[in-house]
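Student: Taken in order, the sequence shown gives residues 1 to 571; the numbers are from the UniProt record's numbering.
To be clear, the hints were calculated from the coordinates, so they are not data collected in a lab.
Please note: incorrect hints may appear among the correct ones.
Only pairs whose alpha carbons sit at most 30 angstroms apart, straight line, appear in this in silico DSS-like list of lysine-lysine [unchecked claim]:
1) K472 - K433
2) K173 - K324
3) K310 - K413
4) K66 - K310
5) K466 - K487
6) K287 - K420
7) K153 - K286
8) K213 - K310
9) K27 - K155
10) K173 - K155
11) K76 - K153
12) K66 - K102
13) K66 - K153
Just the calculated beta-carbon pair ranges, DEER-fashion [what the hints assert, rightly or not]:
14) Q332 - D178: 19 to 25 angstroms
15) T280 - S479: 39 to 45 angstroms
16) I421 - G481: 23 to 29 angstroms
17) Q332 - V278: 29 to 35 angstroms
Every residue gets a Cβ at the ideal spot worked out from N, C-alpha and C, and that includes glycine.
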Amino acid sequence: MDVFKPVYTEQNDCQDCYKCIRECKLKAIKVVNNSAQILHDDCIYCGTCTLICPVNAKKVRNDVNKVKGLLKRNQKVIVSLAPSFVTEFPNLSDGQIVAALKTLGFTHVSETALGAQKVSKKVSEFIENQDKGIYISSACPSVVEMICKHYPKYKNYITPFLSPLLTHSKYLKNRYGDDTHVVFIGPCIAKKAESDQFPELLDAALTFSDVRKWFEEENIDPYLFSEDEKEEVFVPGKAGRGVLYPIDGGMIMGVKNNTTATDAVYMTFSGITNIQLVLTDLDKYKKSTVMFLELLACDGGCVNGPGTSKSYSTAIKRLEVINKLGKDQAYQLETDFSIERTFDSILPIERREHAENSIKEALTMVGKYSDKDEINCGGCGYNSCREFAGALLEDRSEPNMCVSYMRKIAHDKSSALLRKIPSGVVIVNEQLKIIEANLSFSRMMGTEIEQLYETVPGLADADLHKIAPFYKLFSSALSTGVDNLEKDIRFGNKMFHITLFSIHKNKIVGAILRDMSQPFIQREEVISRAKSVNQKNLETVQKIAYLLGENASETEEMLNSIVEFYSLSQD
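Construct the entire structure; sequences and hints are all you get.
Tutor: The following block contains the structure:
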């Protein structure tokens, strides 16, 4: 089921606004029955949709109960804590965060940055042995997913190593025993996908937001612990330059620090849009030297990950991470196991090419018959009408997502109804300018107005003051905001029955006019009014009968006979 994925849609909450499609740069979302569902084969779990959904219909899987289950079984559970915790819990000491997490039941707390240091060293050694070529960091799981799924021709550019988290998890399992369970805590949703792909290394991944709520449930305030928690320290030791990984260029600093001599060019980019620009025609690089790319899915780096609850200046966050780098000797992981990996398990998505006639047929489905109909407004969430047409052909979208198409349908329906209604209909704004009117209304207003209707269909923007002498009724309805007002008025030698109703209170009012001189209108009105009198009389008779104990119904029978007579005469 969808709810078992790292990110999913709560269907009952989705308001089909298409904002998630608009913001998803990879269009990994499908609309089914007016609900935006995630295409997990396409999704890279960057978490953008969870941040921008206006009704919070996009949910992040909460693995807290799974972790609580591990703790209840008295398992040895160690936290792999992301270095960006200093931006989530500013001014919190190492001892305080360790003590707070151990109060939840964790055995130890270790820094994910230790794994980052190991990866930096391996990447440095790898680059030193290359003469030329492009190499992309494997540190960000969202970027790895993005390249393997959407840009598979660059898959071999990814450095063949585990991510810092998986490297750290493997180390903790080796050091503390195979019965050790590892739980990541950090800003990243994609780490949940890593735990799904590598359950033998990583048991679960929690976001900072998850942990904050857990602290609140347990009435734990990390800031209330003593700042001098001497015994509460990271195991097996404090990290060094690995703590810089959450910021732009943080990995490059570590890689360069481990490199003795290299002519490699190092670059860093963050944000999905920027990465897409980087990957555009990247294969045209002449490869005269080594180019290493540190790519991070989140704008500004992991410090702005979707699993954070602290939103403030990226510059300040970056400074807090840099200040975390201590002057003390950093602990270095000594490992005898390999951290190499391949990315063959992440399959590329199928790209479908659509013939031009198929695109045109799809466009016709939404009332777009020529190039000028393709307005590319983006209301559907796609960048162009043709892109939307492709999504229609792939059953990833629905025709009613096209705003201009639905607006045209609504207008056509209302216009057809106005034309068919025998009564006069007119809608005006607060300046008494006509928004819409039907032919029957123009005929009722006289030959001159009927001729004007032929020139200006719907009498759009005509001044009601100059057309109808009873315009004051409209002014009154607009000023009072009345929902329903009925009135008999004389217009020349005719008698009109007018019903005014508010469409937008004090802004737009509509009216239906019936010519009482028409025979069928007379009969209809007599029947209607007789029924109304009959109903009122019946209520009175019932009250009298209740009071007198008699069943007086002669008047009711008389009125019923009137209704029946006119009904028969109308037939």
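Student: Each hint needs a verdict: does it hold in this structure or not?
Tutor: Here is what the structure says about each hint:
1. Proximity of K472 to K433 is assessed by CA-CA distance (about 13 angstroms); at most 30 angstroms being required, the pair is judged to hold.
2. A C-alpha spacing of about 26 angstroms is found between K173 and K324, which places the hinted pair at or below 30 angstroms, so the restraint holds.
3. Taken as a hint, the K310 and K413 pair is broken in the structure, with Cα atoms around 49 angstroms apart against an allowance of 30 angstroms.
4. Under the criterion of a C-alpha separation no larger than 30 angstroms, the hint pairing K66 with K310 is consistent with the structure, at around 25 angstroms.
5. Taking the CA atoms of K466 and K487, the gap is near 20 angstroms; set against the 30 angstroms cutoff, the hint holds.
6. With a C-alpha separation of about 71 angstroms, the suggested pairing of K287 with K420 is violated against the 30 angstroms cut-off.
7. With a C-alpha separation of about 16 angstroms, the suggested pairing of K153 with K286 holds against the 30 angstroms cut-off.
8. The straight-line distance between the Cα atoms of K213 and K310 is roughly 13 angstroms, inside the 30 angstroms bound, and the hint therefore holds.
9. Distance check on the hinted pair: K27 and K155 sit about 20 angstroms apart at the alpha-carbon level, within 30 angstroms; holds.
10. Only pairs whose Cα atoms come within 30 angstroms are accepted, and K173 paired with K155 is accepted, the gap being roughly 28 angstroms.
11. Only pairs whose Cα atoms come within 30 angstroms are accepted, and K76 paired with K153 is rejected, the gap being roughly 42 angstroms.
12. Using a Cα cut-off of 30 angstroms, the hinted pair K66 and K102 holds, with the two alpha carbons roughly 17 angstroms apart.
13. For the proposed pair K66 and K153, the alpha carbon gap of about 37 angstroms is over 30 angstroms, so the pair is violated.
14. Taking the beta carbon of each, Q332 and D178 are about 23 angstroms apart, inside 19 to 25 angstroms as hinted.
15. At about 59 angstroms, the CB distance of T280 to S479 disagrees with the hint of 39 to 45 angstroms.
16. Checked against the hint of 23 to 29 angstroms, the pair I421 and G481 passes, with Cβ atoms roughly 25 angstroms apart.
17. Taking 29 to 35 angstroms as the suggested C-beta distance range, the pair Q332 and V278 conforms, at roughly 32 angstroms.
Figure legend: structure checked against the earlier numbered hints; hints not met, in rising order: 3, 6, 11, 13 and 15.
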